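Residue numbers (full-length UniProt numbering), protein chains in the order written: chain A, 1 to 151; chain B, 1 to 408; chain C, 1 to 629.
The set of hints was computed from the structure by calculation and includes no laboratory data.
Chain C stretches covered by chain A per the calculated footprint, using a threshold of three residues with CB under 8 angstroms from any CB of chain A:
| hint | stretch |
| --- | --- |
| 1 | 26-35 |
| 2 | 38-44 |
| 3 | 54-61 |
| 4 | 569-580 |
Below, a list of computed lysine-lysine pairs in the BS3-like style, where the Cα atoms sit at most 25 angstroms apart:
| hint | chain 1 | residue 1 | chain 2 | residue 2 |
| --- | --- | --- | --- | --- |
| 5 | A | Lys-93 | B | Lys-163 |
| 6 | B | Lys-163 | B | Lys-142 |
| 7 | C | Lys-31 | A | Lys-7 |
| 8 | C | Lys-175 | C | Lys-143 |
This one's a predicted model, so the numbers in the text were calculated from it and none came from an experiment.
Idealized CB from N, CA, C, for every residue including glycine.
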Amino acid sequence: MKRIKIKQDLCMACMNCTIACMAEHNEQGKGIFDLDLTDLKNESRNHISLDSQKKPAPIFCRHCDEPECVFTCMSGAMTKDSETGIVSYNEDKCSSCFMCVMSCPYGVLKTDELRNSVVIKCDVCDGREIPRCVENCPTGCLYVEEVGVCL
Amino acid sequence: MKYLVLGASAAGINCAKTIRSLDKEGEITVVSKDDKVYSRCMLHHVVSGSRTIENLNFVSEDFFEKLDIHWMKGKNAKKLHIEDKKVVLDDESILSYDKLLIATGASSFIPPIKNLREGNQVVGFRDAEDVEMILQEYSHVKDIVVLGGGLVGIDVVSGLMAKKVNISLVEFADRILPLQLDKRSATTYEDLFKDNGVHIHTGVKAEEVLLDESNNVKGLKISSGEVIPCEMIIVATGVRPNLSFISENTVNIDKGIVVDEYCATNIADVFAAGDVCGTHPIWPLAVKQGITAGHNMVGKEKKLEDHFGFRNSLNFMDLQTVSIGIIEPVDDTYEEHIEEDGIEYKKIIVKDGIIQGAILQGDISYCGVITTLIKNKVDISKVNKNVFDINYADFFSVAEDGSYEYVV
Amino acid sequence: MKMCNSADVVLQEFAAGKSQETSFNRVEKQKIKCGFGQLGVCCRLCSNGPCRITPQAPKGVCGATADVIVSRNFLRAVASGAACYLHIVETTARNLKSIGQNKGKIKSEKALNDLANTFGIEAKDLYDKAIAVADKVLADLYKPRFEKMELVEKMAYAPRYKKWKELNILPGGAKSEVFDAIVKTSTNLSSDPVDMLLHSLNLGISTGLYGLTLTNLLNDVMLGEPVIRQASVGFKVVDTNYINIMITGHQHSVFAHLQDRLIDDDVIEIAKSVGAKGFRLVGCTCVGQDLQLRGEHYQEVFSGHAGNNFTSESLLTTGGIDFIVSEFNCTLPGIEPIVEEFMVDMVCLDDVAKKTSAEHIPFSKDKEVEISQTIIEKAKDSYVKRRGNVTIDIPIHGHDDVITGVSEKSLKGFLGGTWAPLIDLIASGKIKGVAAIVGCSNLTAKGHDVFTVELTKELIKKDILVLSAGCSSGGLENVGLMSPKAASLAGDSLREVCESLGIPPVLNFGPCLAIGRLEIVATELAEALNIDIPQLPLILSAPQWLEEQALADGAFGLALGLPLHLAISPFIGGSEVVSNVLMNAMPDITGGQLIVNDDVISTADVLEKIIIERRKSLGLAVELVPVNA
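Based on the provided sequences and hints, a complete structural model is requested.
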């Protein structure tokens with residue numbers, strides 16, 4: 001499968017990946033100038049966290065080989081595609097139990113700010129050739145690479 | 001190879017799916033008493049009317065066809081013959097197997113309270129039939145008592161709230177959700193329920209069901225002496241594993257079927273997974289046990305690495321809570337960290353640099369890290385941070401294939 | 001090396017064949033833009049920052065909202081841009097004053113008299129007049145903020161002046177207004193977005209009337225007025241038989257003495273002594289455009305305009321440039337490694353444009369004789385040092401029939417001393433309207449000059465006459481749109497007009513400073529029609545605006561009440577208030593309107609629609625007159 005890979009040392013916490021993700025998933029249009037940064041509806045599927053030394057770490061969905069979010073999902077909303085390896089989230093199937101949020105070992109998942117009813121989850125830009133976050137990473141911290149086959 | 005899977009819920013389905021992914025040729029049969037695949041943890045959404053039973057299907061419509069699995073629905077196992085590796089069903093048909101998974105789940109336990117088992121409108125909350133019965137009856141009913149304030153009981157209450165009925169909840173402990181929540185976080189929910197018209201009776205026992213001459217439910221007498229008038233009682237006081245088809249002195253049974261880390265029983269080629277094992281009745285463990293059993297049934301050795309059952313996420317009235325590990329300090333060697341902000345509440349319990357438990361209410365963003373730290377007993381003493389600020393960045397490491405790992 | 005596109009295909013191919021890295025290459029490596037920066041919601045005003053606005057963090061640490069951060073950033077940019085132009089007019093006025101004091105060369109008495117009349121100055125002696133005119137300008141620039149500048153009323157169109165007074169945006173001393181804009185936008189000072197936007201308009205007025213218009217008019221006195229003529233443009237103007245001095249900047253009067261000196265016999269002898277035929281100035285950036293505009297007076301020393309801001313690096317890679325004199329922007333940092341490689345020495349006459357590799361010779365009019373001599377010697381030495389040691393490769397690039405020298409006066413003169421013929425053409429619909437395509441070139445609006453050229457082509461197709469000033473004109477002339485033959489690209493009606501007059505459909509007003517000349521054209525047209533500027537079927541577009549100066553120009557356009565199109569957002573998208581005020585409320589404030597659109601076709605449609613609307617409100621024919629009517 002193709003995975004967004006991360007070179008942590010190159011991350012400068014510019015958050016361009018974050019804003020790119022918001023723009024890509026903005027219902028008002030995908031251009032950066034369509035993005036209203038004061039509207040809570042615009043949420044990023046990735047985020048940057050700092051460790052105790054203030055070193056930034058890009059927290060991105062790994063589309064895990066053994067995805068806890070899928071194992072814990074009782075509604076069938078979280079599924080892993082056996083061919084692409086992508087872990088997809090189907091908002092309509094979700095029962096908002098948030099076991100996935102509780103179980104993602106890397107703290108990638110959260111609930112949406114406005115309605116608290118769906119999970120904010122990376123969809124690898126839904127088939128976009130290069131995910132928007134990768135395209136907008138100015139340091140080369142993010143890149144896409146083919147990794148071994150998944151189950 | 002003939003695989004037989006008894007049960008079509010989390011464990012059974014995931015076991016069958018795993019087998020198929022590892023053995024393209026094998027003959028797989030799934031037997032279930034239900035004629036649908038559905039997520040029983042979501043039945044309360046059917047009660048509320050927000051979903052149908054069909055909507056609770058957690059696999060694709062064509063699951064059985066696509067994976068070439070023979071599904072015998074609406075049937076129960078009646079007898080397991082371990083010597084000749086056969087299972088007799090309630091329609092007297094006989095199925096032989098090379099490998100067997102028992103994932104028959106559990107059933108509602110109706111406690112021995114006076115008249116409870118006799119009442120006509122007394123129902124558990126476990127199966128689609130329970131829901132059907134509730135939906136048939138509730139239109140004639142003004143008052144419903146939910147017996148048991150654990151997760152299932154509160155699910156029922158939240159489902160019923162969409163209906164025009166008076167709801168009373170009776171719980172023996174001093175608060176609702178006593179296994180998941182402390183007093184503070186439970187009270188928040190209790191207040192929300194009360195604000196929505198639910199009558200909550202905690203710290204009381206159910207003593208007697210009042211019936212009329214035709215055994216119709218008329219009320220519930222509780223230990224405070226009060227009589228709660230009601231025309232229906234939904235019982236959510238626990239479950240018992242479905243083991244009636246297993247003869248004594250065959251498969252080892254304790255609280256449920258006893259399995260090892262391969263999900264194997266003491267009997268060769270017989271595996272068990274899910275609630276029938278009677279350990280932690282939570283969905284993710286059933287899934288993982290099913291997957292583990294599936295591997296081992298095909299002959300691909302796999303150990304169950306996750307036994308961690310003390311975790312639950314709750315979402316009632318748009319207030320989310322997760323409860324992981326212990327909920328109160330055991331003694332004063334445990335540090336308790338609390339952060340409160342309006343309705344939001346966070347509590348983390350630490351002992352000797354290891355997080356033992358956490359309750360997060362209101363804001364659960366990215367909280368899977370805490371679950372992992374508790375589950376894996378990760379030492380956080382080197383992380384120079386407020387415990388509430390700890391996140392995956394503090395353990396960040398990327399493996400060769402791009403997956404994340406924990407570095408302590 | 002990867003590189004961006006240029007509308008100028010020959011230039012693009014030439015640059016692609018060179019090994020030197022230029023902006024064309026670097027823009028590819030800078031493709032990834034910071035979204036927060038693009039939206040203008042990053043604040044670095046204090047050590048609690050940098051703060052960035054996100055839905056989860058809607059305010060900076062201090063409490064500043066997106067509206068506050070964006071408006072602060074915007075006003076700061078406009079203030080810096082205004083400061084640049086005010087620096088130019090200050091230098092220019094000081095030079096004129098010095099000419100008066102030293103009884104130097106006044107090339108247009110008429111221009112001086114016109115200015116003196118406008119200012120209400122009566123002096124018999126020409127030099128006294130020059131001093132008085134310069135003093136008036138300087139006095140205004142140096143006033144405190146609480147004293148309004150006096151020349152605004154004399155320079156501005158009366159209905160506009162009234163409007164500005166009403167809005168309370170008449171500027172006090174221009175430099176003080178810049179000063180307080182900096183104060184206002186500093187840490188924990190103003191948090192009123194509307195006040196900051198009005199301050200931007202105030203700065204726009206002093207930028208426009210002083211930085212642009214007066215710079216032109218003062219220069220007309222010292223350097224001679226524009227005369228319409230045909231000229232050569234492009235790299236082909238570089239003649240390697242000469243010692244070629246490339247000039248970059250905006251302050252033409254700074255080398256007024258030098259340009260005259262270079263053609264004196266003794267100086268030509270110096271060139272000849274090292275084997276060259278003489279000295280030549282090669283035009284580049286806006287000051288080259290200004291030389292071209294006044295080219296009638298500099299036919300011997302000026303070889304022609306080679307190209308605009310982002311052409312300068314490639315021009316140096318021809319090897320044909322022997323020396324550089326810089327006095328302002330756009331002197332790109334990117335030329336430094338190239339001049340090193342091509343062994344080109346540089347002097348800088350104004351430290352605001354100091355390059356590391358340049359020798360700074362602070363210009364002063366009193367020492368100009370000496371300074372010119374030094375430059376001549378250094379240029380000669382550089383020539384001697386480098387020729388034979390560097391590869392010279394001058395491509396066949398450019399045109400010989402570019403119409404230049406267009407100004408508010410020369411154009412009116414061309415039309416017979418009255419605007420009536422142009423007004424008639426507009427009224428009859430043969431010319432649908434006028435578009436001022438101005439500003440810089442950037443590399444991000446589809447590539448070097450790409451948006452400017454494409455938009456211009458679309459507009460002339462719609463029979464809209466295009467006037468251009470700034471680096472935009474450098475691009476438009478190099479692709480042939482300012483040659484009479486470009487009439488064939490216009491709509492039938494405009495084409496007929498151009499062909500009958502022998503003019504191109506795109507008129508070349510020269511440098512960005514000449515945006516001030518366009519303002520005079522607009523004012524005089526409005527005057528002739530007895531309407532206010534926002535009623536004219538005239539639009540302004542700075543499609544490829546680059547720098548802070550362009551934003552100050554833009555603020556002037558908005559203050560004038562013109563629709564102003566930009567292809568790239570001026571970093572305001574993050575603020576609803578700022579966007580709303582500039583894009584939606586401005587028509588009711590000044591009559592102007594900001595339009596941000598990065599699509600050529602829809603921009604042309606939007607601009608055409610505005611022109612048609614205005615024609616309608618003026619009661620002019622909306623359907624075009626058939627070509628042969």
